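A.B. asks: These are the residues of each chain, in order.
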Amino acid sequence: MAAKAIVIGSGPGGSTSAMVLAEAGFDVVILEKGRNYFRDLTSPTPKTVFSNDELKSNVRAFEDPDTDAEPRTYRADASETNPFVGNVNHIPATVGGGAVHWDAKTPRLWDIDFKKLSMLGPVDGADVRDWPFSYADIAPYYDEIERLIGVQGDIHQLPDVTLQHAPRTHQLPMPPGPPQYSSLIAAQGARLLGLQPAPTPMAINSERYDGRPACNNCGFCSHYGCPTHARIGALAPLRRALLAGATLKPNTFVYKIEHNGSRATGVSYVDSTGKRHTESADVVVLAANAIESIRLALMSGVPDPNHQIGRYLFFHWFTAGFAVFLRERMHAYRGRSTTHHVDDFANPDFPGAKEFAAANGLPYIRGGVLELGGTQDPIAEALIYQGTIMPVISSNRPFGRPFKQLMRASLLRDRFFGLEMIGEDLAQATNMVDLDTSVKDARGFPVARITYSPHKHEITAQTFYIPLITALLKAAGADASAAVPEMSSDRFPIAAGNVPGGAHIMGGMRMGADPKTSVTDAHGRLHALSNVMVSDASVFVTSGAHNPTLTLMATALRNARALAGSTSRPRVLGRKVTQDEELPATGVSASTRAGAGLVATAAGLAATLKRKARTSD
Amino acid sequence: MPELSRRRFIQAAALSPLVAFLPRGTIAQALAAPAAQPFEFFNAHQAGVIREATARMIPGPLDDPLEAGHPGAREANVVRYIDVLLAAFSHDPPRIHASGPWSDRSGGDEDYMENFVPLTPFQEATWRKRIAGLQVMYRNGIAALDAAAGGDYAGASAGKKDSTLNDAGDFRDVLFVHAIEGFLSVPEYGGNQDLVGWKEISWKGDSQPRGYTAAEIGESDGLDPVVPDVLVASVMANLDIAALAIAARRRGGR
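Heads up: the sequence lines are chains G and R, in that order.
Residue numbering for the first sequence follows the working numbering, starting at -18 and increasing by one per position.
Residue numbering for the second sequence follows the working numbering, starting at 122 and increasing by one per position.
Rather than coming from a laboratory, the hints here were simulated on the basis of the structure.
The structure displayed is predicted, hence computed values, not measured ones.
Glycine residues also receive a C-beta, built at the ideal position from the N, C-alpha and C atoms.
Accuracy of the hints is not assured; some may be wrong.
[Said to hold, decoys possible] Listed below are the simulated EDC-like cross-link pairs for lysine to aspartate or glutamate, each with C-alpha atoms no more than 16 Å apart in a straight line:
(1) G/K335 <-> G/E309
(2) R/K325 <-> R/D315
(3) G/K455 <-> R/D361
(4) G/K230 <-> G/D8
(5) G/K(-15) <-> G/E239
(6) R/K250 <-> G/D422
(7) G/K(-15) <-> G/D21
(8) G/K28 <-> R/E231
(9) G/K421 <-> G/D49
(10) G/K96 <-> G/D118
(11) R/K250 <-> G/D252
(12) G/K(-15) <-> G/D422
[As the list claims (entries may be wrong)] Here are some of the chain R residues that sit facing chain G, going by a computed Cβ distance under 7 Å:
(13) D273
(14) V295
(15) I301
(16) L305
(17) D327
(18) G332
(19) I338
(20) D342
(21) D345
(22) S355
(23) D361
Chain G on its own, in the form it takes in the complex (with noise of 0.2 Å):
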């Protein structure tokens, strides 16, 4: 009988184990708690329900979850008594994880995020780490998962300061799409400064590939559930597990991982209907994001002698710059969110970073990638006239013609358009996730309690960063500009908000060889539990400067290869679906990426959605 493995979550770290167990014979259980919006999960187009529909994504939260319904508690340290409750960076609970709105830009962490102790060296009121293994390492596992979500991009338009840190043997699988204008002139500004704007690389389809249409620039991209499939996400892995015959049950809410001794013996959970279930595993992965894998650890007494698990939590530090133009409409909701982004920020050499540092009593300070375009779309635009501007112009009659003047001149949006900077978050061990004491969801399950506030590193090098990104703005030639903080703390009150958010959550339950300082192994499996794989960012070590998802799908592919290697006996099944089979080599030609055989039940929808986009045009 074949090994069973019990995958907690079908996002992307969840779907890419699940994809590896189920191809090396185990039998996979993947269970989701939120829904399914997708029907034929075995197609490379699914049908979907998404849609370009501000209402449904942004305001009535289709995609997220119901934050009244599971919210969590934020405080900015221990001593805070009152915290806030609500959404505390949630991402999405469907079918296809976090991955189901994202933005799909995929960069690779850098040489020195991986060996961050053993490059840059220790940082006072920080505690900085290796990765168990380098950037050489993980390159190998960069290349497949680029190669299996279909990343656009051209190597040779990286500037010299990502292939140093980020060296590439292979080119993308797809050349850049289409250039945003917004992102051109923003492009157009960083050069003036002497920085080196290039295309993105994004997991989304220039071109036809593996089944998929290219994508038609639709416009609702961040935030919004991908129509098309052309920004596939988890799916790919997601699909390649069920072709393997891996089983997925949504609305399937884990509250414990069963254990004995050092062993998982299962897990516990309650479905559609409310009833609760016990069901037995020879492997449990943990892969319901940073937040609620930890939130289910603690829920299921794992034993944490060293009070490990949830310390060493990252948000990345944003930082915002918007830019008006009078001249011109920038129409940046058209296209892909953002086309272009600049990496000198995330340089710890650039100049006059180090000396900035050393002013401040810190060795290096480091930004991040800074993303370059984008705007945001009427209703959202509409609330700020309605809750910020209009109080301020008409205080006494904050309504009627002047708010209709406004939204026509679409300053905020359609003459706007946006930068921002993903900064690296160092580690802290208060910086944590554990449970409210008092907060339940609506299940009656208590809810993830975030302390978070940022180190002196974060708020110092947004310091330095804020007049570049000004600066880049007005040599952009923008008419009026603003450079803000997105993120916030107590330490930090000129700050948007009290509480953190940007969607990137990390760490938490970070590999490392020791137990006292670490809570995973250096591969992913928890030291307390030895068949528990995590496979979420919650391992993450560092930060980093660049967005996540690749480097936690990498690192994913990685542990997950490691565990299947390392179990006994898996079954091959008939049909088993290899990488080689489904997946062309690095930089073939065209028509060789179509992805034959596995997308013939999908031709069909697939061929009609590239009609339409064509004969549209």
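Given the coordinates of chain G, work out where chain R should sit on it, guided by the hints.
C.D. replies: What follows is chain R alone, placed relative to chain G:
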């Protein structure tokens, strides 16, 4: 291209408030709408109060003469949008999330958004509670508007309507937010009638399955300077606080 010239015209009209232009039939539609289809949550009086109040917030030609040529909440049938929300559970599936992958507005052969996605029992429990709370808020809010306006809000003078609305506290804000949603959301939710909200802001709305061409994405639409009037100057002067507010919204994922 006709699309472009209409767009240009709307822009021109937006910058020239004295250009009096009203799309044919708009007034007739606005006046006829209430009788055409009964409301599911509101009674006729309540619907009248909400129609008048939201028309003060997003005025059309009948509400502010300077908005000639520019439909508002009344013309977009925002009251219908709010009624659909408050009566969402009178339908099965409840009218919370319109389906996909697209409508028939941008090359689709069928309007899939006319259907609604069923809620799971877990989602339904939360939405029922939320809407029950809104129903209470609307009943009380409408009664309070009437009382503050001397008995009949809808019949009060424009000045009285505005001051009453301004003093309506949280209900004012909820109503304005819902008016915005009803003005700018896909029409399948009951508002944005004849897409007047989108036309007002020169926005095409849902673009699938057509999407945009490389030229539409990557090239300038051409010079289109905005007149730097006092409102434009106010936004630019307040860009710092606007930026903080935009960033605060984005940190939750927009």
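A.B. asks: Next step is simple, just say for each hint if it's right about the structure.
C.D. replies: Here's how the hints hold up against the structure:
Simply put, G/K335 and G/E309 have alpha-carbon atoms about 39 Å apart, too far for the 16 Å limit, and the pair is violated. Of the supplied pair hints, the one linking R/K325 and R/D315 holds, its CA atoms being roughly 12 Å apart against a limit of 16 Å. A C-alpha spacing of about 15 Å is found between G/K455 and R/D361, which places the hinted pair at or below 16 Å, so the restraint holds. With a C-alpha separation of about 14 Å, the suggested pairing of G/K230 with G/D8 holds against the 16 Å cut-off.
For the hint linking G/K(-15) to G/E239, the alpha-carbon distance of about 15 Å falls within 16 Å, and the restraint holds. Under the criterion of a C-alpha separation no larger than 16 Å, the hint pairing R/K250 with G/D422 is consistent with the structure, at around 15 Å. A hinted pair counts as satisfied when its Cα atoms are at most 16 Å apart, and G/K(-15) with G/D21 does not qualify at roughly 24 Å. At roughly 15 Å between alpha-carbon atoms, G/K28 and R/E231 fall within 16 Å of each other, so this suggested pair holds.
Simply put, G/K421 and G/D49 have alpha-carbon atoms about 11 Å apart, close enough for the 16 Å limit, and the pair holds. Between G/K96 and G/D118 the CA atoms are separated by roughly 12 Å; this keeps the pair inside 16 Å, and the hint holds. Taking the CA atoms of R/K250 and G/D252, the gap is about 22 Å. The hint is violated against a cut of 16 Å. Restraint check for G/K(-15) and G/D422: the C-alpha separation of about 30 Å exceeds 16 Å, so the hint is violated.
At about 21 Å, the closest approach between the beta carbon of R/D273 and any beta carbon in chain G exceeds 7 Å, and the interface hint on this residue is violated. Taken as an interface hint, R/V295 does not check out: its beta carbon lies about 11 Å from the nearest beta carbon of chain G, beyond 7 Å. Because the smallest distance between the Cβ of R/I301 and any Cβ of chain G comes to about 4 Å, under 7 Å, the interface hint for this residue holds. Hint status for R/L305: holds, given a least beta-carbon distance of 5 Å to chain G, under 7 Å.
For R/D327, the interface hint holds, the least distance from its beta-carbon to any beta-carbon of chain G being 4 Å, beneath 7 Å. Restraint check, R/G332 versus chain G: the minimum CB separation of about 3 Å is within 7 Å; hint holds. For R/I338, the interface hint holds, the least distance from its beta-carbon to any beta-carbon of chain G being 5 Å, beneath 7 Å. Residue-level restraint check for R/D342 holds (minimum Cβ-Cβ distance to chain G is 5 Å; threshold 7 Å).
Against a cut-off of 7 Å between C-beta atoms, the interface hint on R/D345 holds, since the closest Cβ of chain G lies about 5 Å away. Hint status for R/S355: holds, given a least beta-carbon distance of 5 Å to chain G, under 7 Å. Below 7 Å, beta-carbon pairs count as interface contacts, and R/D361 has one with chain G at about 5 Å; its hint therefore holds.
The structure fails hints 1, 7, 11, 12, 13 and 14 (numbered hints given earlier, in ascending order).
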